[in-house]
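**Q** Below are the chains, spelled out letter by letter.
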Amino acid sequence: MKKFFEKVASNETVAGYVFLLPNFIGFLAFTLIPVFASLGLSFVDWDLFSPPKFVGFANFVNLLGFHRDAGALIANDPNFWNYLYNTVYMMLGIPFCIAGSLILALAINQKLKGIVFFRTVLFLPTVCSGVALLILWKWVYNPDYGMLNAVLTKLFSVMHLAIRPPEWLLDPRWAKPALIIMGIWGAVGGTSMILYLAALQGVPRELYEAAEIDGANNWRKFWAVTVPFISPTTFFVTITSIIGGFQGGFMAAYIMTNGGPAGSTTTLDFYIYQNAYTWFKMGYAASISWFLFLVIFIVTLINWRFGGKLVHY
Amino acid sequence: MNTISSNKKIKTKSNKQTVLSKAISYILLSLVGFTMLIPLLFMLSTSLKDPSSVLEFPPRWIPNPIRWDNYPAAWHAVPIWTYYMNSIFVAVCVTLGQVFTSALSAYAFARLQFPGRDKLFFGYLATMMIPGSVTMIPVFILCKMLGLVDTYWALILPGMFSAMGTFLLRQFFMSLPRELEDAAKIDGCTLFGIFWRVVLPLSKPALATLATFTFMGSWGSFLWPLVIINDEALKTLPIGLAGFLGMHSSDWTLLMAGTVLALVPVIVVFVFNQRFFVEGLQMGAVKG
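These protein sequences, in sequence, are chains C and B. Residue numbers 351 to 663, in this note's numbering, belong to the letters of the first sequence in order. Residue numbers 9 to 296, in this note's numbering, belong to the letters of the second sequence in order.
Incorrect hints may appear among the rest.
Below are the DMTMM-like pairs computed for lysine to aspartate or glutamate, each with C-alpha atoms no more than 20 angstroms apart in a straight line [what the hints assert, rightly or not]:
#, chain 1, residue 1, chain 2, residue 2
1, B, Lys212, B, Glu187
2, B, Lys152, C, Asp395
3, C, Lys463, B, Asp77
4, B, Lys193, C, Asp521
5, C, Lys571, C, Glu559
Quick caveat, the hints were computed from the structure, so don't treat them as lab data.
Input sequences plus hints: build the corresponding full structure.
**A** Set out below in structure tokens:
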């Protein structure tokens, strides 16, 4: 009996499946099957109370399609296009964030005294991230008593400018920029900066010395040596930021603005939430999530093709 | 002769540039560091204010009078201790489960041969690109139908399995030298023995990094606990705070005291372990 057990325990095939089993069961139950279930859901109408009703492509048509009304072309779901616009708009902060992270990483890489202190302070927003910070920023952005407008009002009066600071989260024109600024604050000293730091420390000294001998100044050295060498990191950070950007925006919308004002901070992520868990339109919510997946897939593919050419290895 | 003097020229030129870049770096880091800290200081300042002095404009930075009793008030306004305990319990369970199941499956993918191995791994990889909102809806429906709403199972189980953990650990295992494992095999060790006694101890940094990120991910998890938990006794910290905001939406001194209570332990843990966090990330970056 012991010999049989030993044989089994040393058999790679059996061991392979046994080792894989715990993770695979979870993978099956919470990832693989739900993916197909979700696809199926997008073809039905279901509110969890009455039985589901098969509707074919109706959800997708309602989401993405247009119809004519008195001669004019009207979107079936005008809110959707607005929210898609919001989602893409929110990603405007990404280049600033990446550039900022790189600049900070360059500064930290200078081997200054007290570097650990700076690195810790810059990473704080990333560590604290979450509801607590969102509540704090809601207060910071308070138009009447919040920190930001207090500072701005003082600044404007010192500069003798007769303008009032914006109402931020209460103004449809300023709500998204407000969230973008908060997003940059929260991410610029975080993971991207650390990844860039690791990449910078991997650039061989000889390349810089060779450039110096050729008479390059710091500016030239940066563009000719540093940027190409860290391009894999830039590529990775860009792709993950874009993927994250498409999927995000729920927490900020839920905690700070409830998607407003006038739907200006509702991203697709929040719209999916509303459809699934507020209005119980499970089928429609599933179809939005599949559209999102498709967009992410295509954008990532494009990034891979074109970005891949710009990356040096 | 000429080379020596031109070397000297390069050295002094680059010394000047280095001093300049160091100075610029200090200024930049100080400014940005200040920007990171200022909202946190504002939070602290508001948390110690009397509710009436919140409505002052421009706001005072140092409150007068200092209301320390905002803190006990916040502590009693919502069950923050319960939220903390729930978050810790869920995060620990999820982390242990994830690290263990990911390590096992990563070892299988990295070192063991079995039919369908590569196809299966490709399946894992493919699902990593799928946004969470796609899978969350069916899992929600499943939990509802199984009566798992408002249970710890619902909070822990879905988070315990991740393709990402398997992927990261597989990368790491594949980078380990095979000799040690081969030696153990020759000594008659079972495959599980090799895994447990040779590979795992060597993988402490990777396991620690995975554990840290899994823990952080579970701690900050918001959407899933929000939809699956309604019972106050099971709420995790983020959800509890959101409810706190909803109930006391304009009581800013109370809210700020609450957020300080929520953030201080996290900040303290981070500051004392920050090398761990940062170097884990850097190590992950290099290996990945």
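**Q** Now look at each hint and say whether the structure bears it out.
**A** Do the hints match the structure? See the list:
A threshold of 20 angstroms between alpha carbons decides the hint, and for Lys212 of chain B with Glu187 of chain B the separation of about 18 angstroms falls inside it, so the pair holds. A C-alpha spacing of about 17 angstroms is found between Lys152 of chain B and Asp395 of chain C, which places the hinted pair at or below 20 angstroms, so the restraint holds. Between Lys463 of chain C and Asp77 of chain B the CA atoms are separated by roughly 40 angstroms; this puts the pair beyond 20 angstroms, and the hint is violated. A hinted pair counts as satisfied when its Cα atoms are at most 20 angstroms apart, and Lys193 of chain B with Asp521 of chain C does not qualify at roughly 68 angstroms.
Annotation: proposed proximity of Lys571 of chain C to Glu559 of chain C holds, straight-line Cα distance about 9 angstroms (limit 20 angstroms).
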